[in-house]
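Listed here are the chains, written in short residue letters.
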Amino acid sequence: AQRVTQPEKLLSVFKGAPVELKCNYSYSGSPELFWYVQYSRQRLQLLLRHISRESIKGFTADLNKGETSFHLKKPFAQEEDSAMYYCARKNGSGYALNFGKGTSLLVTP
Amino acid sequence: KAGVTQTPRYLIKTRGQQVTLSCSPISGHRSVSWYQQTPGQGLQFLFEYFSETQRNKGNFPGRFSGRQFSNSRSEMNVSTLELGDSALYLCASSLPTSLGETQYFGPGTRLLVL
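Residue numbers (this note's numbering), protein chains in the order written: chain A, 1 to 109; chain B, 110 to 223.
Okay, chain A solo, but in the shape it has when bound (with noise of 0.2 Å):
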């Protein structure tokens, strides 16, 4: 199975302080993998996908294949980076995703 472990329930930082999600899969070629993040009473969204490279509100990610980790990663956090954080991985040939468990992070003043 196409595995993706987030180890950490919830991450409480406060707010200016660097922030760390982990995320790691279970290796198996050349994996696709996504940022998801639902803010409260909101959808789940896209944040970012590593295919892309990009930064989307600060927020970075890089795929190390060595340690097969995705982690995400913003040098500042803000009181409105609350909310729960998924990291996803494609599954197969079709659009379907693999889930982590979430992480929770809490940005506190």
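FYI, nobody ran anything at the bench for these hints, they're computed from the structure. Hints should not be assumed to be uniformly reliable.
[Unchecked claim] Think about it this way: if two alpha-carbon atoms lie no more than 20 Å apart in a straight line, the pair counts; the simulated SDA-like pairs of lysine to any residue are:
#, chain 1, residue 1, chain 2, residue 2
1, A, LYS22, B, GLN163
2, A, LYS9, B, ARG139
3, B, LYS122, B, GLU191
4, A, LYS90, B, THR162
5, B, LYS166, A, GLU32
6, A, LYS90, B, ASN165
7, A, LYS101, B, GLN163
8, B, LYS166, B, SER131
9, A, LYS101, B, GLY151
10, B, LYS122, B, GLU184
11, A, LYS22, A, LYS101
12, A, LYS101, B, PRO216
13, A, LYS90, B, LYS122
14, B, LYS122, B, THR211
15, A, LYS90, B, PHE169
16, B, LYS166, A, PRO31
17, B, LYS166, B, THR211
18, A, LYS9, B, PRO148
19, A, LYS90, B, GLU191
20, A, LYS101, B, SER174
21, B, LYS122, B, GLN146
22, A, LYS90, B, GLN163
23, A, LYS22, A, SER104
24, A, LYS90, A, GLY66
25, B, LYS166, B, GLN153
26, A, LYS101, A, SER69
27, A, LYS101, B, THR162
28, B, LYS166, B, GLY151
29, A, LYS90, B, THR211
30, B, LYS122, B, THR162
31, A, LYS9, B, GLY149
32, A, LYS73, A, LEU47
33, A, LYS101, A, PRO7
34, A, LYS57, B, THR211
[What the hints assert, rightly or not] Residues of chain B clear of chain A, computed beta-carbon distances all greater than 12 Å:
#, residue
35, SER133
36, PRO170
37, ARG182
Built from N, CA and C at the ideal position, the CB exists for glycine as well.
Since the structure of chain A is already known, use the hints to place chain B on it.
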């Protein structure tokens, strides 16, 4: 464009009943995926449809089924409901782009089985 819509938003059923949930994708999207979200298991993939054909299937019992219509709208059905089927059921539609596909999620249907 209007986002992915799901109906109904909330549903209460009793054990043994069956239920049908509906999903309307974003116009032009041909792929629809279904997920089950529970506090214990998180987001689990149910199945994916593309052009009326099931393309991928998750590890769920046969009580869970789905279909897609020619207008890309999709339904999922759960027969002989069990208490453990209580969950938020999310639908997502996808469109391929030059960077790969992006899944757009609906608000979900919250199912409570009593």
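Is it true that the CA of LYS101/A sits at most 20 Å from the CA of PRO7/A?
-> 9 Å, holds
LYS9/A paired with GLY149/B [C-alpha distance capped at 20 Å] | Between LYS9/A and GLY149/B the Cα gap is close to 12 Å, so the pair holds against 20 Å.
With a cut-off of 20 Å on the C-alpha distance, tell me whether LYS22/A and LYS101/A pass.
-> Given that 20 Å is the threshold and the Cα spacing comes to 12 Å, the pair holds.
Starting from LYS101/A, check that the Cα of SER69/A is at most 20 Å away, please.
-> With a Cα-Cα distance of about 15 Å, the restraint between LYS101/A and SER69/A holds, given a limit of 20 Å.
Going straight from one Cα to the other, do LYS9/A and PRO148/B come out at no more than 20 Å?
-> 11 Å, holds
Has the given pair, LYS166/B with GLN153/B, been kept, meaning a C-alpha gap of at most 20 Å?
-> Roughly 11 Å separates the two Cα atoms, so the pair holds.
Measure nothing beyond the straight line between the CA atoms of LYS22/A and SER104/A; if it is 20 Å or shorter, mark the hint as holding.
-> 12 Å, holds
Determine whether the non-interface label on SER133/B survives the test: each CB of chain A must be over 12 Å from its CB.
-> Non-interface label on SER133/B holds, nearest chain A Cβ at 14 Å vs cutoff 12 Å.
Starting from LYS122/B, check that the Cα of THR211/B is at most 20 Å away, please.
-> 33 Å, violated
Pair hint LYS90/A and THR162/B, alpha-carbon separation not exceeding 20 Å = 19 Å, holds
Regarding the pair LYS166/B and SER131/B, is the alpha-carbon distance no greater than 20 Å?
-> Holds, because 18 Å separates the two Cα atoms, which is no more than 20 Å.
When you check the alpha-carbon spacing of LYS122/B and GLN146/B, does it fall within 20 Å?
-> 17 Å, holds
Checked against the numbered hints above, the structure violates hints 1, 2, 7, 13, 14, 19, 20, 27, 30; every other hint is satisfied.
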